[in-house]
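Asker: All chains, please: the whole structure from these sequences, using the hints.
Each chain, letter by letter, is given below.
There are 2 protein chains.
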Amino acid sequence: MNAYAALLAFQRQTTALAQVSGLLGWDQETMMPKGAAMQRGEWMAAMSTSIHQRQSDPRIGDWLAALEGADLGQVERANLRHIRRDYHRASRVPADLAAEIARTTSLAQGIWAEARANDDFAAFAPTLEKVLQLRRDEAAALAPGEDAYDALLQDYEPGMSGAELSGLLGELRPGLVELRDRIRGAGRAVPRLDHRFDDKAQMALADELAGVFGYDWSRGRLDKAVHPFSSGSGNDTRITTRVDALDPFNCIYSTIHETGHATYEQAINPDYLLTPLGQGVSMGVHESQSRIYENQLGRSAGFCRFLYGRMRDRFGDFGIGDADTFYALVNRVGQGFIRTESDEVQYNLHILMRFDLERALIAGDLGIGDLEAAWNDRFLADFGVRIDRPSNGVLQDVHWSVGLFGYFPTYTLGNIYAGCLYRAMTAALPGLAADLERGDTRAATGWLKQQVQQHGGLYEARELIERASGDKVSAKPLLEYLTGKFRAIYRL
Amino acid sequence: MNAYAALLAFQRQTTALAQVSGLLGWDQETMMPKGAAMQRGEWMAAMSTSIHQRQSDPRIGDWLAALEGADLGQVERANLRHIRRDYHRASRVPADLAAEIARTTSLAQGIWAEARANDDFAAFAPTLEKVLQLRRDEAAALAPGEDAYDALLQDYEPGMSGAELSGLLGELRPGLVELRDRIRGAGRAVPRLDHRFDDKAQMALADELAGVFGYDWSRGRLDKAVHPFSSGSGNDTRITTRVDALDPFNCIYSTIHETGHATYEQAINPDYLLTPLGQGVSMGVHESQSRIYENQLGRSAGFCRFLYGRMRDRFGDFGIGDADTFYALVNRVGQGFIRTESDEVQYNLHILMRFDLERALIAGDLGIGDLEAAWNDRFLADFGVRIDRPSNGVLQDVHWSVGLFGYFPTYTLGNIYAGCLYRAMTAALPGLAADLERGDTRAATGWLKQQVQQHGGLYEARELIERASGDKVSAKPLLEYLTGKFRAIYRL
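Chains as they are written, first to last, in the numbering used here: chain A, 167 to 658; chain B, 167 to 658.
Hints were generated in silico from the structure; no laboratory data involved. The structure displayed is predicted, hence computed values, not measured ones. Keep in mind that the hints are not guaranteed to be accurate.
[Claimed, not checked] Below, a sample of chain B positions facing chain A; criterion: calculated Cβ distance under 10 Å:
hint, residue
1, K200
2, W209
3, T215
4, Q219
5, R387
6, R404
7, Q616
[To be verified] Some chain B residues flagged as far from chain A (calculated, every beta-carbon gap over 12 Å):
hint, residue
8, A171
9, M210
10, G227
11, R243
12, G333
13, D347
14, A367
15, Y474
16, A540
17, S640
18, K642
Using N, Cα and C, we set each Cβ at its ideal position, and we do this for glycine too.
Answerer: Encoded structure:
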C-alpha cells in the first residue's frame, strides 16, 4: 500500500495543477483584460509543461508496476484505472507538442472571438489550420497507425469509438428527421416574443434558477461569458451565462444547463476530492446531467408553468397570455442558425453535422480552405436554410479554436444518456410533474445525485448509465421522449 | 551564449508559473467562493512545489557556472544577478517547507478575515503562531546562524538590512513627532465629511482616476477587495479598491495608490516580459511609485482642486464649500486607528511600530500571546489613543497572516524614496502644479516612467533611486516636503 499512497499523493498535486489551469481558462473567458492574451498563452504553456511532466513522470510507471496484482478495494482499483490510462496517454505525447498545443489554443481562442465579431472566417483560418495540425500530430503520437479521431475521442469519452458513435447517432437520425418534417408539415404557428427583457432582471432570475436546481453558492459563482460554460470541480465550481435582451431563454437555459454540469461536480463524494475519481467521468455523462436539467426537467410542461409565473413576477406582462402558450414557445421548433439556441428536436442534427465535418478534417478528407463552404452546403441540405454570415455558421462555436476535436458528439451522446436516465427517473418518481410545477427539483436532482453524480469516476461511463437506468444504452428512450413530447405540443 | 539562452528559456516558464500563482492570489481576494478555501490551499501548495522545484533545479547552477566570466551586456548581467540570488535562496529552502508555507498562508488569510470580522484575535492567534514559526524556520534555512529578520527582508528589499532600515527610519522619527505635536498644538479645526457617497458613483470615479493616472485598461481591471492591492505584471496588471459610503477618500486614494503600483508594472520595457527584469525591482521602489502617485501628486493642492471639481460633478454638494477647505480635509491630520487611512504625517509612525513589533516576533523577543497587548500599549504610547477593538488594532492588516514579515518597513522606505524622487521631479518640471490643477498627470507620470519605471529590475533599488534623484538616499527630502506642506496647511 506504500506505493499506492505515494502514487495518490503525487496524483493529488497533478490534479491541483490541472484545476489551476481550469481556473485560468475561466478567468480568460470572464475576467482577463484583452491585452493579456499573449502573456496568458505563455502561462497556459508553462502550466501544460508542468502538468505534462508530472503526468508522464516515470515514477508513475514504477508505482503502477509495484501495484500490479495487489489486492485492492473498488475505489483504489478505479483510481488506478484512471491513472494508468492517463499515464499511457501522457507518456506518448512529447512535452514540446503538449506545450505548443496549450500555447496555440490559448491564443487561438482570442483570434476566433475577434474573427467571429468581424464575421471574417479568413482571419481565423490559418490559426485553425495550425490547431488542427497540432491535434493530428497529437493523435499520431497517441495511437500511431490507428484511427486519429478515435485517439482524440478518448480525451472526452474514454472507451468510445467513432464507429460506435456513428451507430448510436445513426439510430437517432431517421426518427428525428421524420419528427421534424411532421412538425414543419403541420404548419402550426407558435408565437414569438416581442419584448425587451432587462439585463439585471435576467441575471437575478438566473441566480434564482441556479438555486432552484440545487447549485451550492458557497462553492461557486455565476458570471457572464460569450459562450457559456461551467468550470472547476469540488468546492470551486463556477458557471457562466449570457444575456440577450430580446431572448431571455438564452440566459435561462444556459444557466440551467451549466447548473447541471456544476452540480454534478459539486455532488461528487467529497472523499474523492483531488483524486482521479473526483470529477465527472466523461463528457457524455456530464452532458447527460446538463441536458436533463435543461430539457427533460427545465423544458417540461410542469416546470414551464412555474417559470412562466416567475417571469411574470420579474418582467411583468411580456406578451404571452397563458402557461400553455409559454410552454409551446419554450419548445418552439424553429429555423435558427445557432446550435446552442436550437430546440430539442433539431439540436442533434447540428451535432451530427459537426461530427461528420470534424471527422473529415481529422482524417484529412476535408481541408480548412473548404470548411466554410462545406459547412454552408451541409447546413442548407440539413436545415433548408442558407447561412447568412460566418458568425451564424462555421464561426459560431468556440470548440475547434481550442482544439476540441472529438468533443461535439459527446453532446448528443449526453442527450442519449439523458434519455435513458429520464425513463428510469420517471418510473421511480411518480410525483415528478407535480414537483416541477411547484419549482421543486429536489426529488429529481436528488435521484440523479444518488444514481449518477455522487460516484464521480468510480464506474466507467456506459456502466454508470446502465446501472442507473437499468438497461442497455440506446437512442430509443430519447427518441420516444422527444416524439411523445413534440407530438403533444404540435398536436400531430 | 547557449547556456544563457537555455537559462532564460527555463526562467521564463518559472516566471510564468509565479505569475499564475499571483493570479490565484488575486482570484482568492476578489472572486473565489468562500467554500473553496481548503481546495485553494492545495492549489497554492502544488504551485509552490512546482515553482520551488524549478527555482532550485540544479541545472540553474550548471548554467550559472558555465556563464562565470562570460562577456555579457548590461541586461544579461542584470538578469544573471537576479537569477543567481533567487537560485541561492530557493536551493536553501526545503521543498516541503515551501509547500507548507504556501498551504498554511493560503488558509491563514481566510482565518484572519473571519477573526477580523468577528473582532476575535484569539481565533487567529494559533494560526499566526504557525505562520510565524514557518517563516522563522525559513529564515534559519536561508541564512543559518545569521539575523533572521535580515534574511526575510531580502524577499522584499534585496540588499537592505534591518540595521540600515533602523537608521533611515530613525532619521525620520524626531522630525515627524515634532511636526505632529505642532499640528496638534495648533488646535486648528478641519471640517469632517457628513454625507453619504453612492457606491456606484465612487466606483465610477475610481475608474476615472485610474485613467487620469495613466492606467492602461486594455491590460488591467479594477475590482473590490477587503484590503486593496495590485497584482500581476506586464500585460495583466490588476488593481482593487474598497468603498466606504461615509469616506470616499478610502476608495479614491486606494485606487490612486494601486494605480501607482500597476502603472509601474505596465511601464516596464516590454522586452523584459517574463524575464527577471520584467517586474518592479523591490517593494520599496514599488511603494515609492504608489506613494508619489497617492500623496505628492494625488494629495497636492493642485490635484485636490481638480478632484474637488470632479467630486462636485459626481456627488453634488457634499458639504465642503471650497477647494481650500477640501485640500485641508484631504490632508487632515487626525486620530485614527487604521494605517491605510492615516495621513502622511502619522503614516510612518504606524510603520515604525509594526517594524519594531515584527522584528521582536521574529527574534523571539515577543510571543504571539503577548502581541495584542504589545500592539495596544505601543499604540497608546505613540498615538495617544486606546485601541477599542482588534479590527482597529492588531487584526487590521492582512500582511502577517500571509507570512509577510519584513514587508512593512518597505512602506516607509517607499515614502523615503518618493521624497527623493519628488524633489528631483519638481526641479525638472516647473509646470507641475499647474498640470495637476487641470488633472493632467502626464508630465509627472512620464518623468517617473522615464526615470524609474521602464527599467524594471535593470538596476538595484538604491542605485535606481540615486540615478533618478541625482543624490544619495536619505529621509531628509521627505521630511522637508512634509514639513513644508503641513506647515502651510496648518499655518504653523
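Asker: Against this structure, judge whether each hint is valid.
Answerer: Hints, verified against the model:
1. K200: 6 Å, holds
2. W209: Holds - the Cβ of W209(B) comes within 10 Å of chain A, reaching about 5 Å at its closest.
3. T215: Holds: closest Cβ of chain A sits about 6 Å from T215(B), inside 10 Å.
4. Q219: 9 Å, holds
5. R387: R387(B) check passes; min Cβ-Cβ to chain A is 6 Å, inside 10 Å.
6. R404: 8 Å, holds
7. Q616: Result: violated, 22 Å to nearest chain A Cβ.
8. A171: The claim holds: A171(B) sits with its nearest Cβ about 16 Å from chain A, beyond 12 Å.
9. M210: Non-interface label on M210(B) violated, nearest chain A Cβ at 9 Å vs cutoff 12 Å.
10. G227: 20 Å, holds
11. R243: 24 Å, holds
12. G333: Holds, because the least Cβ-Cβ distance between G333(B) and chain A comes to about 40 Å, which exceeds 12 Å.
13. D347: Holds, since 47 Å exceeds 12 Å.
14. A367: 18 Å, holds
15. Y474: 31 Å, holds
16. A540: 37 Å, holds
17. S640: 38 Å, holds
18. K642: The assertion about K642(B) holds, with a minimum of 40 Å to chain A.
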